[in-house]
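Student: Could you put together the complete structure from these sequences and hints?
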Amino acid sequence: MPTKDFQRDLNEAKSPGRFPHLTRVRAGEGDGSISFTYTDPVEGESFHFEAIVADPHDYPSNHSFFVYSTSDNVPAEITKAVDEIVPQSEGLSIHDVLSTLDLVVSGALQGSTPQSFDDVGDLAIPSDQEFEDDLEPSDWTEDEDSFLSSTQSSTKFHDAIRRDLRAVKLAGLKVGYHGDPTGPIVVSVAIRIARMGLSEEAMRAWNVRPADYLILLIRYGRYQTMEDLNLGGDSKIQMRVGLCDSYKPSLTSTISAFQETVSSHNLPQMVEIKDSDPLRELFIGASLDKLLNERFLHIARLRLRYGFTWTGAELFFQAAQGKFIGPDDARSPEFAVEDTWITPAPNFLHADHMADMGLSSANISFPLVAEHFLLRHFVKCTEFCLVCHCKTHDSFEALKPYVCSNGLCLFQYMTLGMGPSLEYEIRTQPYVVDMLISLAYERAKSGRLSDFPNGLGLNVPCATAVGTLPSQPVDRFGQPGVSPQTMSTKDSDETAVLCHEATLSTRKMELSHNCAPRVKEGNWIAILNPAKPMTGEIRTVWHSRVLNVWETSGHVALSRPVSHGVQLQEDELGKYAAFIPVQYVIYDMNFDMLPEKKKQSTIIMLLDNLPDIDAMQTFLGRNDSGKLLSSWHDMVSPAALDLLRWIVASNRSCILQDGPQENDLVSDMKGFIQFRLVQGAPDKEHRFMEAVNQHAMRTKTAYPTIFAWHGSPLHNWHSILREGLHFKDIAHGRAFGNGVYLSNHYGTSAGYAFRAGSSHSWAQSKLKIQSMISLNEIVNNPAQFVATSPHYVVQHLDWIQPRYLFVQVGNTPAFLGADVQTEPPMLYAQDPKYKVLGLSGKVIQIPMSAFSSKRREALTASPVTASPGKSHRKKKRTSRGTPRNTSYLDDTASVSTDIEDLMILLSDAEQELGSVSSKSKKVATAPKTDFIPGTLQEASLSLISPPAYATSAATALLQRHLQTTLKIQEKEPLDELGWYVDPSLIRTVYQWIVELHTFDQTIPLAKDLKAANLTSVVLEVRFPPNFPMDPPFVRVIRPRFLEFALGGGGHVTAGGAICMELLTNSGWSAANSIESLLLQVRLAISTKDHPARLAPGRNYDYSVGEAISAYTRACIAHGWAIPKDLYAISR
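If you use UniProt numbering, the sequence shown closes out at 1131, no skipped numbers anywhere.
Keep in mind the hints are simulated off the structure, nothing from the lab. One or more hints might be untrue.
Restricting the straight-line Cα-Cα distance to at most 20 Å, the calculated cross-link-like pairs of lysine to any residue (SDA-like) are [claimed, not checked]: (1) Lys598 / Asp608; (2) Lys627 / Ala615; (3) Lys833 / Pro790; (4) Lys835 / Asp668; (5) Lys80 / Ala956; (6) Lys4 / Ser93.
Tutor: Laid out in structure tokens, this is it:
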């Protein structure tokens, strides 16, 4: 770490205005590194530089600087000038070096280049130029309080966070941070989605990819341990959950995650507004955020206090809501429950850090416990209620999470938006939402809707009054004949409807009353039959939100009106007279109190005024915007929003739209949009699968299910998707008995789908649905059907499960795109006796994606080829039925860890390396390692001579790196360091022989070494001529490791090369120190997740050639940039 002299001078150099043309002077990514920006005063162009002191402990006397630019646009004359002047920087202070560089770059731009540091004073600096320093991160404030401001250093804080984050790292997770370890800090814990064992259909339904990281951000005002939090310390910590392409979101995204809005003027200057690593929305992110911030710490404390499991603590916490329960209650058997799952869980879900530490808060890592708790509720989210977060105790596994049967949970789920957010569904599956709205509208319009959003507290206008002119004047208290301000009418049910009269200013959108208005700010009103515009279209009803009320004057300010999902613009309002008399009704009627017919007409009215799905998507913006439809105050009324949320959330089937590019389309259905029911309502799906399994076990049939069509008018599908197919109503007679009628001929069922008469389409629908037909999976037991010809008539409702919906829409080409359909790689083998015919009368091909991944494993025991008419041939497949890319599974070190994140794990921020003498480090105790340094025989190694490609700059820097490394090695205990460089084996600084030793005895590698009677892994590190701009090449010399394909890991390739992004041009940073490099390589080899193993019986060394070859293949496979001098350093 930097010495006090270096840190003091750097802090002074950070002062604004210190240098005429330099800004953003700050600590770089590594020890002894300084970053700064030069701005050309004439052109305004900026160039970014890094200055590195190889060994900060030599500062301020025996040091020198290495300076380079990180910008791509630096003119050649600047690079030349800097290269010529930098070698003479030995012994200069930070201030002197930066001042000189300021003058040198200015001179180069003016055509004058000094030949030495003595010449820099001759360069002229324009005196009339004013320069303003950019803000440092510590200068940025949020409402007077710094988000990540610095505080005085504290050994206690650093040691605590280092211990806790090491525990996270050793658990196989990625960890990083933003901020100050001794002050305000945000810790990031991450794990790849690929490691969670999620099914393919779950990943698609949840909109996650195997390569994504699940991110947990924990924001502290100052870092606190589990012990601090358990003792009732300042628990004002905040947590956020999301997805990211990187293991740590950018600072921009991190700040945004804890703010409602972030604008460019209040971000640190060092952060670009264009976000390279954004934190994206998670489908249940709001529910998980609420759980972590409101319940997690209380539940963790209950575990520590009473020794509960997670399940027991969650039950106890829920039972304590609204009443007092104490220690005696904690002993109840009700809470003495184990953590169990409906289906097998991945190994990491069985990890219990709290139990492993004996429920002792002093030994527990809070970030690791929080991550374990998060994974429990994310990976198994379908087994928890999304509101109370307790186990649902269902006996079946759903594909999407829902709520338990508690009435309060259901209310909060619908009204408060807990659970999968409506906004998420609109962003990810917009046309599924469009279809659900359209079907609800059809059902209400036909007068058949019988399930309503009761209990949600919807305030609505009277549907009868909307579109009906009142007849008798009443006063504002409902008394007739007194005042023309309000009017009364009666609907068909003789219910009194209170209407109001006023004059509307169409230019200002203000209502004028003769007396105090009865509306309040925030109310919505429906303006009935506004006067006909002077030109253009007549809009019969307007809906507006009340913006302001002046009771004294009787004026009411309104938002621009909405009609049929469109907000009128000023030019449209200009078609009306400036002042028009209007009548209006207030959204103040309780929906629950309406009779059934009025509920139907109210739902129609509310949906009529929703914007279309494209407009909603445009308003919500990108996935990480965090926008909610509830913030579209002047466009969507609260009643319409709650209705929309009910329509989407009450549909318990998981429906996805399939596209041609996904190889998921059923054949011979050209001209239809295909929606796939990945899972029906979970309880219904469970009963269906039980019926299938019982039939298959009893009959031992090779074809446990068959498929058949079902056609029905549009107004029935809202009910079918919620309740399943049934035969309560008789629509076309039952000539062949009671049951659900299906057919294996598309044409037969299509005839019933088109018998709907006139369609009642939702006007704003982008789909404009014309008809709908389903393809259903049925238990293959025709002998028990009521009839099999000319229709299948199935009386057992649990024997039928819809799998596809085929929708004919009004604008088919726009939704289908190019008429291209690729064949699915795997097809379902239909029973030859009951094959299904499609649109043109041909046998359809059903993709295996119609089934869950678990069912596909069973069904693909004898899969068929994709070509119809050919004999069924068995295909070689993987153990899981489909090929898998396992490169994501071992990510703890393959993705380069930022240097700051590495150093907080592996270095002491409060002690200088030279502050403790080697004598004081040695204690009279038995050594904690069986490794003996200096025992490696030179004759057993291929040592190289100084290479021809050596450069003076690289040589000088490597000499300093070696000196620094040996100093660290001399002063640190061997067992704590974990690596050793023998100086007697170094003939050239371009080749280092390093031994890694003293591994954690619990990992497989340590056990393998002990069994082989070895105490170290011998590495060779070769440095390129362009070091530190290019990374070194690191390989294992001995022993040989087990290949990845045979169960090995640890990022050791088949040829012995260490292949991780850090060691490629894609992930390398010139600021990396050799200490951090060696420790990160050691961590990669030591990972517990997908661990490195020794290859038994192979007692010969790796060669350089095979290492280079394997390294190159791995880089190509991962898309990483190969260092240009790789082959030069191998000779």
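Student: Please go over all the hints and tell whether each is borne out by the structure.
Tutor: Against the structure, the hints come out as follows:
Between Lys598 and Asp608 the alpha-carbon distance is near 15 Å, which keeps this suggested pair within the 20 Å criterion. At roughly 14 Å between alpha-carbon atoms, Lys627 and Ala615 fall within 20 Å of each other, so this suggested pair holds. Proposed proximity of Lys833 and Pro790 is supported: the alpha carbons are some 15 Å apart, at most 20 Å. With a C-alpha separation of about 13 Å, the suggested pair Lys835 and Asp668 falls inside the 20 Å cut-off, and the hint holds.
With a C-alpha separation of about 19 Å, the suggested pair Lys80 and Ala956 falls inside the 20 Å cut-off, and the hint holds. The hinted pair formed by Lys4 and Ser93 meets the criterion: a straight-line CA distance of about 13 Å does not exceed 20 Å.
Figure legend: structure checked against the earlier numbered hints; every hint is met.
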